[in-house]
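Spelled out, the chains give:
4 protein chains.
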Amino acid sequence: MQTVHEVVELSGHIIDSWSLPRAWDIIMDRGGNFAVEEIRVGTSKTDTSYCRLKIEAPDYEILELILSEVQQLGAVLTHADNVHTTTVEQLGVLPAKFYSTTNLATQVRLSGQWVQVEHIEMDVAIVVDEKNGRAYCKPMHEVEIGDQVVVGHDGIRVQPFERNRERETFAFMQSDVSSEKVKVLAIQEIARQMQEIRAHNGKILFVLGPAVIHTGAGRYIAELLRRGYIQVIFGGNAIITHDVESALYGTSLGVNLETGEQVEGGHRNHLRAINAIRAVGSIEKAIEIGLLREGITYEATQRHIPMVLAGSIRDDGPMPGVISDMQQAQRRMREEIQGVEMAIMVASMLHAIATGNVLPAHVHTVVVDINQSVVTKLADRGSFQAAGLVTDAELFLRGLLETLS
Amino acid sequence: MQTVHEVVELSGHIIDSWSLPRAWDIIMDRGGNFAVEEIRVGTSKTDTSYCRLKIEAPDYEILELILSEVQQLGAVLTHADNVHTTTVEQLGVLPAKFYSTTNLATQVRLSGQWVQVEHIEMDVAIVVDEKNGRAYCKPMHEVEIGDQVVVGHDGIRVQPFERNRERETFAFMQSDVSSEKVKVLAIQEIARQMQEIRAHNGKILFVLGPAVIHTGAGRYIAELLRRGYIQVIFGGNAIITHDVESALYGTSLGVNLETGEQVEGGHRNHLRAINAIRAVGSIEKAIEIGLLREGITYEATQRHIPMVLAGSIRDDGPMPGVISDMQQAQRRMREEIQGVEMAIMVASMLHAIATGNVLPAHVHTVVVDINQSVVTKLADRGSFQAAGLVTDAELFLRGLLETLS
Amino acid sequence: MQTVHEVVELSGHIIDSWSLPRAWDIIMDRGGNFAVEEIRVGTSKTDTSYCRLKIEAPDYEILELILSEVQQLGAVLTHADNVHTTTVEQLGVLPAKFYSTTNLATQVRLSGQWVQVEHIEMDVAIVVDEKNGRAYCKPMHEVEIGDQVVVGHDGIRVQPFERNRERETFAFMQSDVSSEKVKVLAIQEIARQMQEIRAHNGKILFVLGPAVIHTGAGRYIAELLRRGYIQVIFGGNAIITHDVESALYGTSLGVNLETGEQVEGGHRNHLRAINAIRAVGSIEKAIEIGLLREGITYEATQRHIPMVLAGSIRDDGPMPGVISDMQQAQRRMREEIQGVEMAIMVASMLHAIATGNVLPAHVHTVVVDINQSVVTKLADRGSFQAAGLVTDAELFLRGLLETLS
Amino acid sequence: MQTVHEVVELSGHIIDSWSLPRAWDIIMDRGGNFAVEEIRVGTSKTDTSYCRLKIEAPDYEILELILSEVQQLGAVLTHADNVHTTTVEQLGVLPAKFYSTTNLATQVRLSGQWVQVEHIEMDVAIVVDEKNGRAYCKPMHEVEIGDQVVVGHDGIRVQPFERNRERETFAFMQSDVSSEKVKVLAIQEIARQMQEIRAHNGKILFVLGPAVIHTGAGRYIAELLRRGYIQVIFGGNAIITHDVESALYGTSLGVNLETGEQVEGGHRNHLRAINAIRAVGSIEKAIEIGLLREGITYEATQRHIPMVLAGSIRDDGPMPGVISDMQQAQRRMREEIQGVEMAIMVASMLHAIATGNVLPAHVHTVVVDINQSVVTKLADRGSFQAAGLVTDAELFLRGLLETLS
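Chains as they are written, first to last, in our numbering: chain D, 5 to 409; chain H, 5 to 409; chain L, 5 to 409; chain F, 5 to 409.
A hint or two may mislead.
Any copy will do: because identical chains look the same in the list, a pair fits if it lies in one copy or spans two.
[Stated by the list, open to error] Here are the simulated DSS-like cross-link-like pairs (lysine-lysine), alpha carbons at most 30 Å apart as the crow flies: (1) K289 <-> K135; (2) K207 <-> K58; (3) K142 <-> K58; (4) K135 <-> K58; (5) K289 <-> K58; (6) K101 <-> K207; (7) K381 <-> K135; (8) K381 <-> K289; (9) K381 <-> K58; (10) K101 <-> K289; (11) K207 <-> K142; (12) K142 <-> K289.
The set of hints was computed from the structure by calculation and includes no laboratory data.
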């Protein structure tokens, strides 16, 4: 049988980080075969290893598929080519063989130099600015005619996650914490990391779903804002609407947050809240005239903490400030994500997934939800560096605030 | 203590439909009191009943709250006023005391005549066209300066759902079917209703989530389209993207639908599918040139079955045809909802909630999801006429198609 | 058509407690019909109502079915017969027409006197001791030859739950608290009730699943024991095994409870813990010799708080003290349930259902689980007086202890 | 620092089956260190590899812990000792250093010969019969004074699962099938395996929960019994009670299985069913006199298919044939498990876990449940060879029967 082949190298903690056995799995699962041309195995836990593999496949399509996947494990083609690019010819349309990114730190070889790809995120294209020796990410719908887009597999180097061999980090940052594990420890570790990040003025992002308000936990977020633990907020129409509803009428979906009683059918106060802000024109104006005096939106606005609020098809209103156009909303998210070191996503599925899509892998991400399947779903989408915590959002936030105090 | 009061009447099957005891509950739960001025109880199951209630409340705000809720049970103010309206003075802003609709059939009294409110849906305003003796619904963001919007509670009559006293209807159309009930019976009843609706050329709406494609159940939807059982489809970027991905490459999120194998990491083929359609410009063009030859999108397009595809913040691409602006997308949904008699929502939460928001109560609605909490969540939002079916979407659709054959 | 009939009376808050409309529903759902012979409706919220209904059914079997169900709503046959009984003729076998109990307070008419049935629980038989004018519950497998067992529907009066018309009680005690409601309020109300019960030396029962230990929440239960808030514990082999494992080795299923690390595969320490106690013979002996020095089992044993530990088919060991015979275990539960005023069930399904089976309806019951379907399942079994709280067991117990402090 | 050490060997597909990197992980996670004394890596996918590792640990306890875990990956101590044993001195109590089994095929070295451990299951002890050169498993509570129980780590060899390198087996047999994957393919593969097993008269076990009856799927199990696809059934009181209830009265928990209607409150017919069988004395007698004429229990009894029915603390009745003593029930399960080649567990958690505890790893196990967390829970207990299928039990069984036809 006629086969095609390519030689790649892997190096580093490729055995105890499981990247080598994973690469072998992929090659065989996709219908290829391999021969180990050279292997050097580190003989203690500090030594690194090296492997040069010849990958064979029945045709170019399969070979390319294998290469696209083993590259994510850090495999680099041995023939030292520069990255290949193709020019965009239609607005918002990529060349057929475009390289699709992962969220791992990535380098491309330009004129023999390895250059870091800026603003890395997954499932987008890499555009090369040859003249300035730069490379950066662009989503499909934003590519313009003339853009030089990376294609194929040459001259691309991905830095895979290496499992931390130090024992002092808590297990939970490497995997999910089910509802049957000790969450108090996870909360302590999250608090410690937040303090560390704030100590050097790093940015912490909170992604919030409306259940934060329904459960009365808005007060904890407001307090975290006052204490400087939140630098940016992502969410939707529901979180701001119910936050304003609770500030104006003391209810969330009609439930009195002080007594737990359903004080109305639930469909009036949130509309009244939206209408009241629309009547004055904006959140800022509502604060200025003394209409809005408390809550997450109030605290964030007063402190100039950006809230990127993306609309959705199920929205009433919407509240002024909510972005109705999805591409514009994604653009705003990409702007505000810059510099974020930690992302804490609470009781949100839609916005958590959207955020996961644009976050680089190195951001410490914590997903908190009472529903195991939400946590699992986020992990399934490739945001695999996220630590999932299956617990109650209200009691989690209360505990987090206590621990930070 | 000074109190305010109002007299209302309820009539019909108000005891066995539980509307009278419910009204009493509401009055007391909201802090009011009542006196029964007159009551006539039907003495057999065909007789109707009548009750005139004097409602007392400590202040006007509570009285108004009570009235807004008992009106949803069919209570009508006895003093026979016409409906009150206020003129809109700001674009997209309602008058402070606007009446917020339910999804139940509603009438308003114009010049002494009860007039049916057109295109009823919940959580919107009623605009009155006095000159032509008409009244219709408008969402907050669409009201224009000069619109006459219904305010207060006078001259409004809601027709509550009366529980069906006939025993031949299946229990499942009145409540949820848990995973521990006989679903084969529910499937038979759904099939029967679909056939009945199609016998008189009625419209059936399907709301579809991407799991329909991931599970290989796209083929059943395609067949339902060919057999004329679907007149309109609502969904998002994911359903069309994975449908086209499966038509072009045989995969959904990288899983081969014929073998169940993961044939690639899952992040390439869906981007390639979007890019391929973007390159030719539209779904219609892709069909014309023979690129797209099968699947839901293909069948629907060939049959001129409208697909309203609303974008969301988590989308890649998007696929041509997906609407990125949320208000425009809602407008398209409202257009296509007209005339729908049955709505079947499968494995979708976001789009199912959005659809529930605009559906009138009389549309037979079935929510199918494997996750109990999704079904519960839909019911909690007031779409209480929905029958929930906790089951597997793939096997449900397969069984439905078999039953219809 | 030939029909059979029976006349019943209902009185009390039968309209606002919905027992009258429910009774009418049942009659029609089961295929009967009714005529209202007399009705008097209370005209304000303090007045009670009265209704005399003639129930018709096509045959005796349906009539009996209807009567058995409307009796649970408080309907009493108007012809003032004494209760009927039949003598047991086979050990552990009931007469064919035995009356099956509910968990509501029930009276039987003996020689013209209404007598309270002792130790009421659901799904068992009532045995009459005519000589001493007493009646009490017996499960099927415990009836003995010669027992006089209640049959049919004459002379039986059930006291249905009337919905509390007072507004000061929290909504949550009447229905489920979903993960999207304010749980801090529910915790405060539970704490208040516990304090009230302990103020008059009432008994509080905790039913505990092993996740209480896995999550490190055993310390909170131990503290509740020290503070006198727990008078009896129900559970299984798992809770005691992991509690002892954590006391002896600091782990639960191999996870170190201080660091969250998996310190062994999880299958050794729990076996070692069981084996260690088996080697010394009993928990009491292990405490005496200083082997067991902390934890739930230690605190409970030291305070003579009974732990009823029922075995199950999935058990390893078992630990000394666990009852392997199910009928013996149920007998022990029935003994210890006497006098319990409140039952708090945390992260347990099997034992919570078993406890629900033997608890009378008047016991305040709270079911805490992170899984909505567990809470729903308990309610579906007829333990409808239970308040369900969908939240994290660990953080719930921590919050409860803080609130009680 | 003074350390202790031990040398082990691993061989086979230790890299692509990930046993070598896993072993390194364990050593470091538990606080040890290692040096690779020799390594030979296979250079193609058919070659095997070999590694000799020197494991160091700070003390004997940690060394022992590490050895106990790496043994499960196939590591064997290099110094060729026979297995060590200690004599049992107390009934039902193991020696302190007893070796706790996994469910993987295991050998012990007796007089220099590797001998297969009979009836392997996890979390039990190995008893050696030196005289006859045999070794077999015994649960803790069954060990007798004088039994020779394996202790320590010498002379023990575990055969780990090697991942199948052949691509033709479906992915699903290696991991969970979520509700979002194609289940029709999984059903086809299960059917194929069942036919293969029956072609050589192999045994198939079904573990059944009561939802099988509530959903009307009892008919599919009855048909599978008639067609010879079930050789043994495990379950509890609920499955037999509702099966008999449905055979006698056409209901399950009071729901008519033909119409889906709730025909009674649900608490009478199941008690009547139990009482009816108790009155005649046994299932066999009930069939003989023509009382029981259909259903799972009827078909199984007529075909002499053993049903092992283990009681639980939540049972009513119980039905004759249900075993009330847990240790006796486990003993019966262990007897009937012999020779089973495939285990299909449907809608059962308690009995599925109990069965997982006694099944050897080589039995093909399929867990079907609509609840993701049940499937996850089973996997967490170490029954990691189980394929989980998140789907609807009723529609799964219907589809399985169709596929087998």
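Structure-based check of all given hints:
{"no.": "1", "hint": "K289 <-> K135", "result": "neither (46 Å within a copy, 38 Å between copies)"}
{"no.": "2", "hint": "K207 <-> K58", "result": "neither (43 Å within a copy, 45 Å between copies)"}
{"no.": "3", "hint": "K142 <-> K58", "result": "neither (32 Å within a copy, 50 Å between copies)"}
{"no.": "4", "hint": "K135 <-> K58", "result": "neither (34 Å within a copy, 54 Å between copies)"}
{"no.": "5", "hint": "K289 <-> K58", "result": "neither (65 Å within a copy, 42 Å between copies)"}
{"no.": "6", "hint": "K101 <-> K207", "result": "neither (36 Å within a copy, 43 Å between copies)"}
{"no.": "7", "hint": "K381 <-> K135", "result": "neither (41 Å within a copy, 54 Å between copies)"}
{"no.": "8", "hint": "K381 <-> K289", "result": "neither (39 Å within a copy, 34 Å between copies)"}
{"no.": "9", "hint": "K381 <-> K58", "result": "neither (35 Å within a copy, 41 Å between copies)"}
{"no.": "10", "hint": "K101 <-> K289", "result": "between (50 Å within a copy, 22 Å between copies)"}
{"no.": "11", "hint": "K207 <-> K142", "result": "within (23 Å within a copy, 42 Å between copies)"}
{"no.": "12", "hint": "K142 <-> K289", "result": "between (36 Å within a copy, 26 Å between copies)"}
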